[in-house]
Amino acid sequence: MIPVRININTEWREILVEPGERLIDTLRDRFLLTGTKEGCGEGQCGTCTINFNGKAVLSCLMLTVQADNGHILTIEGLQDGLDLHPLQTAFLTESAVQCGYCTPGMIMAGHALIKDHPEPDDSLVKHCLANNLCRCTGYEKPIQAILKAATEMKEKSHD
Amino acid sequence: MTEPLTHIGKSFQRIDGVDKVTGRARFAPDLRFDHMLHAGLIRSPHAHARVLRIDTASALQLPGVKAVSTIFEVPKVIQYWFFLRTEKKKKEIFLYDDIVRFIGDPVLAIAAVDEKTLEHALSLVRVDYEPLAAIHDPEKALTETGVCLHKKGNIAFRVEKAFGNVEQGFKAADIIVENTYHTSKQKHASLEPIATCIANFESSGKLTVHSSTQLPHWSQHYLAEIMGLPLNRVRVIKPFTGGAFGGRCGLIHGLEAMCSVLSKKTLRPVRMSFSREEDFCATESRHPMIIRMKTGVSRDGVLVANEAEILSDTGAYGTHYIGVLADCLSTGVGLYAIPNYKFSGTAVYTNTSMAGALRGYGNPQMNFAQESQMDILADKLGMDPLALRVKNYRKAGEMDPVLNERILSNGLEECLEKGAAASGWEEKRSRKLQPEFISDGSIKKSPIKKGIGLSIMLHGTGAARALPDPGSAFLMINSDGTVNLHTAAADEGQGSRTVLAQVAAEILGVEFESISVSETDTDITPLDCGTHGSRQAYCGGLTVRDAALDAKKKMLTHAGNVLKVKPDALKIEKGLIFETAHPANAISIKDLMQRLQIQDMGLCTQIMGSASGIAPAMPGYYGAVFAEVEVNTETGEIKVVKLTSAFDVGKAINPEMVKGQIVGGGVMGIGFALTEGLIRKDGHILNPGFTDYRLLRSCDAPPVEAIIVESNEPTGPFGAKGIGEGCMVNVASAIANAVFHATGVRLTNLCMTPEAVLKGLKP
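Here the protein sequences line up with chains D and V, keeping their order. Each number in my numbering corresponds to the 1-based position in the first sequence with 28 added. Each number in my numbering corresponds to the 1-based position in the second sequence with 19 added.
Next comes chain V alone, as it looks inside the complex:
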């Protein structure tokens, strides 16, 4: 790009910012409709049971109770949109049965005129269950033959892949390390609880659903199937969303489908809103994994073989278990050029709340194992962990064997260099850092041990060829030269609407303020896969770029007619179209549009641009995290003092927003490392609230230094690729490596607790 960029690489304020700071932004829980009914669920008290009988007679007799819907008539959604591809596969998405499979599994929903009546009605319902034996341990799911969670068994999915010859690879290795890693059941914990919806089925036969979904169009597809409606009779509107992080990647278990059926029965808007406890106990989580990993390296630090065996706990139902294991595979095999790699993954059902998509999508678990292994190997080799990474990472120009694509951009080495410099890596690694203090006049060793560790990561942008991953946009130019951009690229708070407006402004040569971006609404925005896989800056950016190019081409054709020159002799800057060679020969977009749309009654034409399609690639984005910790050897407490996070995003379209992702993702990563995980006992979740499920607070969060590296991805819009998920992926591994540097204790279980540190310190 030889022309200087006017809108790319500039930190515009988010276009929906004023709505958010004034309290005017309306999130799903804020919506109210006339004649709206309130719905709530009866949830299973059993981890595994058959529902024998549901008695709602006395509830229905209560004045103000309007309708009931049950699991006998409303299906569970147990697969993701990969299964929309064929009619046969599509059927596998929905499960109609009379079994409840975790404590909190919905059994029925009631709609009533107000919340008080609803509460009373719910207390009058009687459900008879036949309790069944339950499985709580994923390892038991593999061996237990007497208990079967689903018709096809307890194994949801199995994948095996081999590259090269792993046995021979290990024979050639000088050092082999093998460890087993455990990761926790992390929750999204978005501040807007998951989830609230209002479904409105009208007599005309049209269903409108307001729900904070990341995938408005796929939610529309699922609801059309469930309700037996054509797609043009199902409208999904996504209001402002209070964070998602993967937790809204599809229909919410027991929410939209139940509400839609209740609304059809009553012909009134039906609202259902889960409490924070319901969010914690009965919506999706990260997949807890047990990962056995064996890694072999030659004496000079070349990785020769790796074996990964993963057991993934998808809980009572599946939605994303295939994709999550596929991501473990692609990120695990993709990061390092290891000639011999054997990967096997098994997802099993257990009687607990289901796992699903959560920022990183399998990668944080896999990365924790892989990057801990690398640190152990560096220690055994007596090699700088940074040098070991540089020696082995898969560089630009090399083939990615899983995606079977050539890597076109990889700024990992620059991430490592800049991160090392900013964090003071070399000095802090080599220097004896352990502080001492003076007590009673003599120098004593402090119980605090300091350490620094690093790790790297690769994450894919979008899901081209892995999943149906369409993107579409159109824009129309108004008679005053302003622009309305229509896209369903769901903004969950990351800022995609702002970034896409920047792309449109850059291409069209208009001011940022001239671009308005539509709400996300399947009636007015064209098909988009939604927000997942760090895809909106890249996939959304490409689509909006192409739609804007389409409009620009049409605009220049008309301008050429007016200015009596060929369109390719024209340029647009700041809303003015002019002849490059004779800038005085010019017309403003506004004047041109006035002519086209209103003044020239022989034309009366509006310029519109559109684009739709799949991204040309699924480029990897990369990052290095340097974590500094202080470990108290008396209490076992791990304190993260600072993170330095350098990420290659191809090109930062809005640098402040990229940094916002890196800092926020860093803090979420520390939570994954140290404090976050649902604690389970016999199918009960023991910490379903912020008192006991501990997110980092302002006083706990250390500074995160965010460094942007730009490798210029050739397939990306202005060189951009993703960032949203990757920035939390390798935080836990960097912290584990820092704890080892500080104390010599290797922690292999997440979260890393003070108890585990103290146990490791025992001689």
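So here's chain D without its partners, still in its complex pose:
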């Protein structure tokens, strides 16, 4: 077993893990953060997307030991008390959610994108979401939601 120290949703956690333990299993099974979903387990569907040190990563392809001393943000860490994050609000108001299984991964992909590109355009969002499969929406609405959230976050930062 290997000791690992990870900051998950702003809290430092210390755990002992097997060398082969996947980050997605650590999040879901140890910390019951089941908002991060598994859709394929081979990095093809994007439902397990989280933010690691500010970047969108696939938690099914990452080992927990690789996350040592890193900062992880999952869908559960996004809202501020009862207040939803602008991305979460935009996914609701833009009707970007149907079954909801791909939603956490999409939102986390959008979160990392907006951090690096506060004013993304349609084609950048489309490109960014290409890692996230969705079977319900046809992608149009999630793309709109991320664009809308980016605009709102930009406006908020100027307030």
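Think of the hints as simulated: they come from the structure by calculation, not from any bench. Some hints could be false.
[Claimed, not checked] Here are some chain D residues pointing at chain V (derived, C-beta under 10 Å):
| id | residue |
| --- | --- |
| 1 | 70 |
| 2 | 164 |
| 3 | 171 |
From the three backbone atoms N, C-alpha and C, an ideal C-beta is built for every residue, glycine too.
We have chain D already, so just place chain V on it with the hints.
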């Protein structure tokens, strides 16, 4: 409806949306229980074999291994709920035997304390098989006499129907076209893999199963039969579901039944969760079909005869093969008023994973053939394909000969008009669109050819009279005027819980936020057929409407007593009950409920409303899809540039959700047309993952312009009928017709590959 509607036709946000965007929504794979065991399957490596011996001795000796169940004791479910009608038929649903019929067919399941122990245990099991000759080709299933997949043979089902006199019809035809179409083995590919379940059999003799089923009550019925339990001892709870599309239309092969038996043996919760590979290889798919179609038309464009002969590959077992062929029949014969129609369908068994229900249920295959035929005929007649449709479609007021019902609403012509206008049909059809480009200073022809094509479709709403198709709901009004609605109308993500809350709010005259909708749980929600056949807005809507009317009637009776007027002199708006003629004579629902339930100790009565029954009809809903494509004549690549999809949904209760279906269904339809299909070789599935089974991604999906047409179905709740399946049905045919317009190449096989385009372009 003369009163303005307060809740119908408004795009309320989905009531479970916050749970989904915060990650709090718990899907079956997210559930954890104390003392839970983990189960997994040993699956057959043979396409067809007899299981001679199962040796689990060393696996069972491993510490932490708790129980084994095998196909000798757990049946396969091989029919659908149509067979629940009689005790004799019911027996045909279940198959106990020692034969495995496809690579991946479950042989046994093991339950262990953790996944690591489980994996080790599975590796210690020895199964001896006697391999049998296999059939992989559906056409061989018809002729091969030496290999028999099931006791009754390789033919699962045969149906023949004739309307008019098809021979005479063809004699009267001026143009006859005949072609054979092939369609692929498409997968649902819901993002939550199919499937996960947790079964918990308790010492009290009660079984609780958490499973993402579309049909909670029928799953409950099947499990009660398998486990020998009364229905009140079987509880099926459907958690949040990550998409279904027909893939969860019943028990999952090898899942819930195996887990329930393991749980009974161990008296602990048992969880089994299939991987994406298991989903692709060993759960149901669309029925691949070979459809020969012959169509005759008169010189002036009147369809006179049609003959359809379908060979449907149901794979190793059946579940939905009867219903799927019946849908080919009803949608094929129903769409056009063709006086002479001969239909024959045969479903055969082959040694591959079983086919089942998938969005469209036979219709996308049938529509691909029928609507390709129409395009070919229009070309031969020199007629606008749109005009040919308008001339021949079966209009409102006409009889549907298969359902033997009069069509009460059909907005197809408006769909065609609006779709044509929005897509620029006339201009794009007539104009020479082929782009040119400049290279080396001279104008050259681009290898890109542009085209536009259209197709139409009919799909039934619900399954009244075709299947046992009950719907039930009840609601109770709380002492503060809020409402709890109980319905098992399984929401798989399409939004039925939201839509049904809108219906209840509209009838009761309360705010949308006042309505809470129950979880889907057979212990607390009354009998419902579940989610299939695009039925929940219509069948669920009717049931909730009637339950709300029942509660409203009771409420007004009590309010009349308080306000000293007759109940029919009263109205409810925004939670206030008042006398229509003297609005000042009023009482809020809240105050009335306080009185009834708490303050008046002589009453202490809660108002409840309930309804249960079958829908009065199975109304057709209609749609027109216009597809614009660019075909690269050098590479053969087909690129869909835009879809314009106009659908007649009767009345859109929640327009944004209707559009969500149309856009999502459009993109799924493009996948069916161009990229999706399981590739098989000798019983092996060669593309069991998203790397090689290609869904459209955000960068591939073109814009889909969704147009809602409202024909107001008289039998529907506020005029509504279905949408969920139909919006993907005629996408592939529209694309095939657009490819023909662009290149002159007629593609008759799905998916339509670049290779097929290039082959067609060869002189």
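Tested hints:
no. : hint : verdict
1   : 70   : 6 Å, holds
2   : 164  : 5 Å, holds
3   : 171  : 6 Å, holds
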